[in-house]
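S.K.: Now for the letters of each chain:
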Amino acid sequence: MENALQIEGLTKQYKGFSLQDVTFCIPQGTVMGLIGPNGAGKTTVIKCIMNLVRKDTGEIRVFGMDPVRHGARIKERIGFVYDMPCQFGDVRLGRIASALGPFYPEWDEKRFRDLAGKFELPLEKVYKKLSHGTKTKFSLALALAHNADLVLMDEPTSGLDPVFRRDLLGLLAEILQDERKSILFSTHITSDLERIADFVTLLQNGAVVFSSPKDEILESWGMIKGGEELKPASEWPEIRGIRTGAFGVEVLTSDTGKSRKRLGPKILIERPSFDDIVTFTHQGGKHAC
Amino acid sequence: MLAKIIRMDWILSRRHILLNSGLFCLYALYMVYRMESPKLFSMFAAIMASFGSFVVLTREDRFKAAATTVSLPVDRRQVVFARYFLGWGIGFGTLLLTFGLAILLKTIGAVEFPPFTAGHFALAVAVVGIIVALLFPFVVRFGWTGLVLFLVSLQVLGAVFLLAAGYGGLHISLRAFPTAIGSWSVKMQQTLGWPLFFIGLILGLAFLSALSVLASVILFRKREF
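Chains as they are written, first to last, in our numbering: chain A, 1 to 289; chain B, 1 to 225.
Because the hints were derived from the structure by calculation, they are not lab data.
One or more of the hints may lead you astray.
Unchecked claim - In silico DSSO-like pairs for lysine-lysine, Cα to Cα no more than 30 Å straight-line:
| id | chain 1 | residue 1 | chain 2 | residue 2 |
| --- | --- | --- | --- | --- |
| 1 | A | K110 | A | K125 |
| 2 | B | K4 | A | K129 |
| 3 | B | K187 | A | K128 |
| 4 | A | K15 | B | K64 |
| 5 | B | K222 | A | K15 |
| 6 | A | K128 | B | K4 |
| 7 | A | K258 | A | K231 |
| 8 | A | K231 | A | K214 |
| 9 | A | K125 | B | K222 |
| 10 | A | K129 | A | K110 |
| 11 | A | K118 | B | K64 |
| 12 | B | K222 | A | K110 |
| 13 | A | K118 | A | K129 |
| 14 | A | K125 | B | K4 |
| 15 | A | K128 | A | K118 |
| 16 | B | K222 | B | K4 |
| 17 | A | K225 | A | K214 |
| 18 | A | K128 | B | K64 |
| 19 | A | K258 | A | K225 |
| 20 | A | K266 | A | K214 |
| 21 | B | K4 | A | K118 |
| 22 | A | K128 | B | K222 |
| 23 | A | K231 | A | K261 |
| 24 | A | K129 | B | K64 |
| 25 | B | K64 | B | K222 |
Stated by the list, open to error - Not close to chain A: a few residues of chain B, all C-beta gaps over 10 Å, as computed:
| id | residue |
| --- | --- |
| 26 | L40 |
| 27 | T117 |
| 28 | L123 |
| 29 | L134 |
| 30 | W144 |
| 31 | L149 |
| 32 | L157 |
| 33 | G204 |
Bear in mind the structure is a predicted one, so any value in this text is a computation, not a measurement.
Note that CB positions come from ideal geometry on N, CA and C, so glycine has one too.
Build the full structure now, drawing on both the sequences and the hints.
M.R.: Take a look at the structure:
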């Protein structure tokens, strides 16, 4: 399977933050969820792909091409939703779409109108009068109206109500019926990912914690619940986080098989949510709270 | 692609382009009543006209929409080229409109304007070209803030010179530089004659503009969003 996107050893240094050796790929026809807490580097990765910021080192290939050298050709095939959608605030939505549409060879005006109807976009209203959620919907309509082969979405569901979020996930699933289409979906609402992602990459403090198929992660990672007998777990290499609370001890393991061997078959291991994984790993792993 | 970018800018900013240019043009015409010197009028009209050249860039900066522009399938170099073409178009268009209206009003006898010559128009064109060339890289790199900072810095520098001249005994005439350029231009025009002088002026402007475009492309390519 060809990769729609391939990133290897990507680094970017800012004052007080750096992306460190970020490596992952998105095979064609799949959805990659990019998760991590705020400030983990998700937006920076997406900006590097879009060449909105310059990488320091590493390699990015989109459809096998370098986005710096072949930016325009690549962007024709990308649908992009920015985390802070910004347009000329005093211009009507319909006019903005008519200005931006012709840049894309496969711009489909009918598709845009359909999406605008579906998303209940007020095309006669000026951009600045919209709520954050409606601005995001407008960005989504623009991104999905030109038959993009790769849809890059930076926190598209933040600010959206649950009903629309569910509709959007349905729409993305529709897009993926075409096996050439791929999606990179950055979010901190991890429940959305559990519905549609094929692969998940977790970023923490600018570094990749894991980048694997979603099912593989949910199979191998586990949440062990117990009591004092779990205290020594902090020394085990597969343990990614421990939380001690009023109801006992919770331990996040990245290798349920190994942990089960250590603790015996009777130990209770539950399937963790991505929220659990993000929270536990964000707390620096083995700190109790 | 250039045409698409210019079309986009026109669609997104045409109301402001027309409004600004119209206002600058009317203001320049109004000021004519107070100016007896056609040279001064040409300079003033050119300065007002050149401000219109920055409308798209400053609006984009105001709405932080540059990230959207560079995420479109366009090369940043093309974005800069398009902005220059549109900027020149707006600047020279406004200038043409101002002179045209001035001539019309003078012809129908509505207003007594100072007598213009082709030289005055050439001077105004040169001033627009120079202002655009000097300020564009600042606006491309730093947006509206850059333009304001640049202009404020010039004002502060001027004030410092005036203070230094007034209180510090510094003998620098602020008029010396433009006066020297003016007398040099007149001398060149007399030596070369109009056609050659005009060609030289155009070539000089083209060279300055090319340097400005080059600087803007480099700055815009380095800009992060």
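S.K.: What hint numbers does the structure not satisfy?
M.R.: 3, 9 and 12
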